[in-house]
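**Q** The primary structure of each chain is shown beneath.
2 protein chains.
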Amino acid sequence: MTSKSKKAIILLSGGLDSTTTLAIAKSMGYHPLALTFRYGQRHEIELEASKRVAEYYGIEEQVTIDINLQVFGRSALTADIEVPKNRTLEEVSTGIPITYVPARNTIFLSYGLAFAEVSDANDLFIGVNALDYSGYPDCRAEYITAYEKMANLATKVGVEGHNFTIHTPLIHLSKAQIIRKGIELGVDYGLTHSCYDPAPGGRACGTCDSCLLRKKGFEEAEIEDPIEYE
Amino acid sequence: MTSKSKKAIILLSGGLDSTTTLAIAKSMGYHPLALTFRYGQRHEIELEASKRVAEYYGIEEQVTIDINLQVFGRSALTADIEVPKNRTLEEVSTGIPITYVPARNTIFLSYGLAFAEVSDANDLFIGVNALDYSGYPDCRAEYITAYEKMANLATKVGVEGHNFTIHTPLIHLSKAQIIRKGIELGVDYGLTHSCYDPAPGGRACGTCDSCLLRKKGFEEAEIEDPIEYE
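Heads up: the protein sequence lines correspond to chains A and B, in order. Each residue of the first sequence is one higher than the last, beginning at 0 in numbering that gives the first Met the number 0. Each residue of the second sequence is one higher than the last, beginning at 0 in numbering that gives the first Met the number 0.
You may find that some hints are simply not true.
Claimed, not checked - Partner residues are not named here, just some residues of chain B that face chain A (Cβ under 8 Å, in silico):
(1) Leu112
(2) Arg139
(3) Met149
(4) Ala153
(5) Ser173
(6) Ala175
(7) Arg179
(8) Asp187
As the list claims (entries may be wrong) - Negatives, chain A to chain B, calculated, CB over 12 Å:
(9) Thr63
(10) Tyr142
(11) Lys180
None of these hints come from the bench; they were simulated from the model. The structure displayed is predicted, hence computed values, not measured ones. No residue lacks a Cβ here, since even glycine has one placed at the ideal position from N, Cα and C.
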């Protein structure tokens, strides 16, 4: 198998980070398969963005998994808790935010591992970022390294001596650097959705943590954000 | 908080191993919360057993999670592949069996981690066994150790310096030893279900790998298996 045809699982939410991650995987010559989650998120409209992005990139296989994290509650993204608005960037980037979903990336990666195993893919891409989301424990490099080690012990792939690799191309980039990288690779950010609390119709609120980080990223990158805000 | 009231998540399928694990957790003074999975298994009847067992033990909270591993296929437990019958015990205990479900324990533990985090539980019990199921990569001690390390990096609990512990009290026991331990603790194995391929009505087939291991265990323990076989 040439490296050009190597399959890779991409965790694709339809947001700015995962879309850039997909573009990077493509640019590295991987054949991407997309994995998307409907987990009771308030911003379920991001699923439409994930489909637009997958179509734009000609992804042959996109699997959408229904998981119900609402049964566990305790996060503003899934439970009936208000999404924080108009926080300062210091507030956004410190501490574990209320929008943290318990064990979310661990659950997402576990489905990714299953998908990789049945697809004979040894590679998985996830757009986690340690810089802007320092408060999310499951976005840190040491977490990903530990996950990868566990995954290589968990599966046939590991037992048979292949290496399962988790790629985190954005982990040390600022939002502005991510956007510049994406623009270099021809990403159309007009397809993406970032807002945690969109208005009816899907327009981004412009004031939740995710909108604030996105807007700051485009400002710093000196690039115009193609999406519209409330 | 006294150790008597410490919460622990128990992965409870309703089988012999998880039921014994629950009895052990209770005997150690934990306050158990049960987590059960409906994952498109052919032997969905085990869910009824899990409810019987949870009721018997007065479990206050049993969460059943619907996950769809059928979307990934490739296992006799979830896909349309015949369950192997009447294999020798050597065949049963070597190699990775067709009944291996990709990344199953990894997915189960990930939900367990989420449940633990929202319940303020630092302990989780899983009835994996390395002896009788040497072919399942995700039943080995080194896998569990790696998972635990990852889990402590994944969550608020880990960040805040608490230790998340995965207990595997059965990991080095033979099936006969498990049964003897359970009988000591007063387990009623008549409540449990082990068969991978039950007959209509739920009676155990007696010839699948799971039935064969169970029957051998009771024989070696010199205890009568209270369930009926086809």
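**Q** Tell me, in ascending order, the numbers of any earlier hints that this structure violates.
**A** Hints 5, 6, 7, 8, 9, 10 contradicted; others consistent.
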